[in-house]
Structure formats: C-alpha cells, structure tokens
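Participant: Sequence:
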Amino acid sequence: MRYILHILLFQCLVICLVNESANGQSTVTAAKKALHIVKRNAVLLESVQQLLVVFNETPKQNSAILVAMEKKNKVWRVIFTPIPVGIGRKGFAAPRAKREGDQQSPTGFFRLGQLFCYDKVVNTQMPFIQTTSEDKWIDDTDSPDYNRHIRGKTAAKSYENLKIRSDEYKYCMAIEYNMHPVVKGMGSAIFLHLSEGEMPNPSAGCVVLTQSDMERLLNWMKPELRPSILMGNEKVLMSGLLIQ
65 MRYILHILLF QCLVICLVNE SANGQSTVTA AKKALHIVKR NAVLLESVQQ LLVVFNETPK
125 QNSAILVAME KKNKVWRVIF TPIPVGIGRK GFAAPRAKRE GDQQSPTGFF RLGQLFCYDK
185 VVNTQMPFIQ TTSEDKWIDD TDSPDYNRHI RGKTAAKSYE NLKIRSDEYK YCMAIEYNMH
245 PVVKGMGSAI FLHLSEGEMP NPSAGCVVLT QSDMERLLNW MKPELRPSIL MGNEKVLMSG
305 LLIQ
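The sequence shown begins at 65 in the numbering used here and counts up one residue at a time.
Hint data in this document are derived by calculation from the structure and do not stem from the laboratory.
It should be emphasised that the depicted structure is a prediction, and the values quoted were computed from it without experimental measurement.
Built from N, CA and C at the ideal position, the CB exists for glycine as well.
Mixed in with the good hints, there may be bad ones.
[Unchecked claim] Pair by pair, the computed Cβ-Cβ distance ranges are:
1) HIS100 <-> GLU198: 40 to 46 Å
2) LEU108 <-> GLU260: 28 to 34 Å
3) LEU108 <-> ARG229: 35 to 41 Å
4) GLN194 <-> GLU110: 21 to 27 Å
5) THR218 <-> LEU108: 30 to 36 Å
6) PRO245 <-> LYS299: 25 to 31 Å
[As the list claims (entries may be wrong)] Derived DSBU-like pairs: lysine-lysine, alpha-carbon spacing no greater than 30 Å straight-line:
7) LYS138 <-> LYS248
8) LYS286 <-> LYS227
9) LYS184 <-> LYS234
10) LYS96 <-> LYS154
11) LYS103 <-> LYS138
12) LYS227 <-> LYS184
13) LYS138 <-> LYS154
14) LYS135 <-> LYS234
15) LYS96 <-> LYS135
16) LYS97 <-> LYS136
17) LYS97 <-> LYS138
18) LYS299 <-> LYS124
19) LYS248 <-> LYS227
20) LYS221 <-> LYS299
21) LYS299 <-> LYS97
22) LYS154 <-> LYS227
23) LYS154 <-> LYS97
Based on the sequences and whatever the hints tell you, model everything.
Facilitator: This is how it looks when you write it as structure tokens:
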C-alpha cells in the first residue's frame, strides 16, 4: 500500500511540474491565452499556418511564454507544451515604440526569416546559411546596410558577429522586425536564438530559448506554412493589434 501511495505521489508531482511554466502560469492557462490571442488577431494571421505566440503578463517582465501553433482547416491548435523564453531586459515595447538600444523586444506580427546555423547539417526543413566568421548583422543606424545581414567587409561602425565563441547563435533565426521597409533607429538584429545556459535568459531584445526547445521548433517548421511570430504583452495582444 505504501509503495502504491509513493507511486501516486510521484505521478502527481510530475504532473504539477509539467503543467507549471517558468512564469508561474499553468501550461493549460498559457495555451488558452494563446488560443484567445490568435482569435483576436485572426485577420493578421490569415496567410500563415505556423505561428509562435510569445507573451508576458506585465509589459516590463523580461521572461515570457512561447506557444507553438499550427492552423489546419482554418482551426488553430497548440502543437507543443508552452515554452519559457527570455525577451528584452526591459520587456516588450508598446506597438511601434521599439527603438535601437532600448533593451526592449518589439511588439507585433512578423515573419520568421533567415536561419543561420553553425553546423553544416541541421534537422530542419527551413533553408539556412551555415555561419562563418564573415557573417554580420549591421546595427549602425547610419549605415546603408542597417538591420541587414552581410558577409565580408563593412564600413559600418557597429554590427553583430553571427558566429561567436558561445553557442548562443548556434541556431539564430531572424525575426523580420523593421525590415519591410527598414526605418533608421527603429531597432535591429531581433533574433530567435539560444540561451547562454540551461535556462532562458533576458536579452537586448531577442527571444531566447534553450537548445532543445529550439531544435524541436526547427524540426517542426515548414517553409511552405509561412512560420511567423506574434509577440507582445498579453493584454495588448488580446486587444487585437489592428486596433492599437
């Protein structure tokens, strides 16, 4: 009898741990919020079938929840257990308020763009560039290449190297914020990339997750389903971005 009780207690503990997110939200609650968010932003999402919904509870919170979703027969479904992620050190900027160097993540709906990988072989259907020491992302607001990837020499005064000593950019996917068109000073180099350690960490504005979670997402993504990201404070997203 005691053995059976121990087994039951262990199972309850596992269920509690699995259902509790890094933000203190249950995974069930996070999934329900994501479903409400996509419903409120249905017009924006008409052309995409794969979506990452990233949201925090309070605007300045530098941790968030990522919910991967896929649309089939016009119905959105949650694909994975919600994932804890890091975002900008000062949380999410208000819609259209993101600025270069403000340590905030942008709010909005963006396509997921170019993927950069250190390795030659990656378990993904997404097209990718194998990163070299010559790959850079320009963050100099006075450069004609501002918020663009270049390979080779540059006259830009500042840029991010896309191959660094750590594994943070081992998988690095551009979030196409401020790219169509590029507006000077509105922010640059917003990526989906790996954390410094075993837990997601805050960033200068990127969305940060663990390697195992990133690999799961890359394995799931399909270019023909137009993977995109919808990100911001939950209250803003639940109000609908088209009315902001």
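Participant: Any hints from earlier that this structure breaks? Give me their numbers in increasing order, please.
Facilitator: 4, 7, 13 and 20
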